[in-house]
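Student: Chains as they are written, first to last, in my numbering: chain B, 1 to 110; chain E, 1 to 115.
These are calculated hints, taken from the structure and not from any lab test. Glycine included, C-beta positions come from ideal geometry on N, C-alpha and C. Incorrect hints may have been included.
To be verified - PhoX-like mimics (lysine-lysine), calculated; alpha carbons at most 25 Å apart, straight line:
hint : chain 1 : residue 1 : chain 2 : residue 2
1    : E       : Lys9      : E       : Lys57
2    : B       : Lys68     : E       : Lys14
3    : E       : Lys44     : B       : Lys102
4    : B       : Lys1      : E       : Lys9
5    : E       : Lys14     : B       : Lys102
6    : B       : Lys105    : E       : Lys57
7    : B       : Lys102    : E       : Lys57
8    : B       : Lys1      : B       : Lys55
9    : B       : Lys1      : E       : Lys57
10   : E       : Lys9      : B       : Lys105
Claimed, not checked - Footprint (simulated), chain B over chain E, 3 or more residues, beta carbon under 8 Å:
hint : region
11   : 12-22
12   : 40-52
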Amino acid sequence: KNEVEQSPQNLTAQEGEFITINCSYSVGISALHWLQQHPGGGIVSLFMLSSGKKKHGRLIATINIQEKHSSLHITASHPRDSAVYICAVSAGAGSYQLTFGKGTKLSVIP
Amino acid sequence: NAGVTQTPKFRILKIGQSMTLQCTQDMNHNYMYWYRQDPGMGLKLIYYSVGAGITDKGEVPNGYNVSRSTTEDFPLRLELAAPSQTSVYFCASSYERVSYNSPLHFGNGTRLTVT
């Protein structure tokens, strides 16, 4: 079974700071998802990636398949980025299941 | 498009009662999922469906049942509610398998308390 570890568990940053959230997994995967859970509880998909790097606005996601590690970066952080960020991995190409990390709670202070 | 719609948002049940959590999506997605989220834990898959008439168990199916009579609807049934089923439940859908880099679309969640 794949184990997904996220770090840090909690992160407080000043507005404008560059933020990095890490995700490590134990078994080779076919896809990795980054999700954002708003303070109100809703969950949205940010990225899916199986290799390399993706960018959307101020968010950048990278993955290193050999090291079984992914990072989510937020540039020029803003209080509206305050949320829980969740990493999830899919074990194989035919899999319907994701293994989720416990999430990283980010608070951005004005 | 409304996306994925879940009802109700909140519910309190007594031990032994039953209820159905409703989930509907208007994106014509074949793949639908039910997850539960417990405090401090990652989401866990309860059941999933790959199309109308086809359902299968996930990681934590005990105490739950599902059906998928149409592409749009995927209700989750709780029989004989127990305190261990106190959780936040999320319905989700995707166009393709999640292993194929297909994004998940989530409902807003149902907060269920069993007392």
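Student: Evaluate each hint against the coordinates.
Tutor: Against the structure, the hints:
Distance restraint check for lysine 9 of chain E and lysine 57 of chain E: the Cα-Cα separation of roughly 24 Å lies within the 25 Å cut-off, and the hinted pair is therefore satisfied. Between lysine 68 of chain B and lysine 14 of chain E, the direct Cα distance comes to roughly 44 Å. Violation of the 25 Å bound is thereby established for this hinted pair. Note on lysine 44 of chain E and lysine 102 of chain B: the hinted pairing holds, with a Cα-Cα distance of about 11 Å set against a maximum of 25 Å. A threshold of 25 Å between alpha carbons decides the hint, and for lysine 1 of chain B with lysine 9 of chain E the separation of about 32 Å lies outside it, so the pair is violated.
Proposed proximity of lysine 14 of chain E and lysine 102 of chain B is contradicted: the alpha carbons are some 29 Å apart, above 25 Å. In summary, the hint linking lysine 105 of chain B to lysine 57 of chain E is not supported, as the alpha carbons are separated by about 30 Å, beyond the 25 Å threshold. Straight-line distance between C-alpha atoms of lysine 102 of chain B and lysine 57 of chain E comes to about 22 Å, which keeps the hinted pair within the 25 Å bound. Distance check on the hinted pair: lysine 1 of chain B and lysine 55 of chain B sit about 30 Å apart at the alpha-carbon level, beyond 25 Å; violated.
A hinted pair counts as satisfied when its Cα atoms are at most 25 Å apart, and lysine 1 of chain B with lysine 57 of chain E qualifies at roughly 16 Å. Restraint check for lysine 9 of chain E and lysine 105 of chain B: satisfied, since their Cα atoms lie roughly 23 Å apart, inside the 25 Å limit. With 0 residues having a beta carbon nearer than 8 Å to a beta carbon of chain B, the region 12-22 of chain E misses the requirement of three or more and the stated coverage is violated. Coverage of the region 40-52 of chain E by chain B holds in this model, with 8 residues showing a Cβ closer than 8 Å to a Cβ of that chain against a need of three.
Of the numbered hints listed earlier, those contradicted by the structure are 2, 4, 5, 6, 8, 11.
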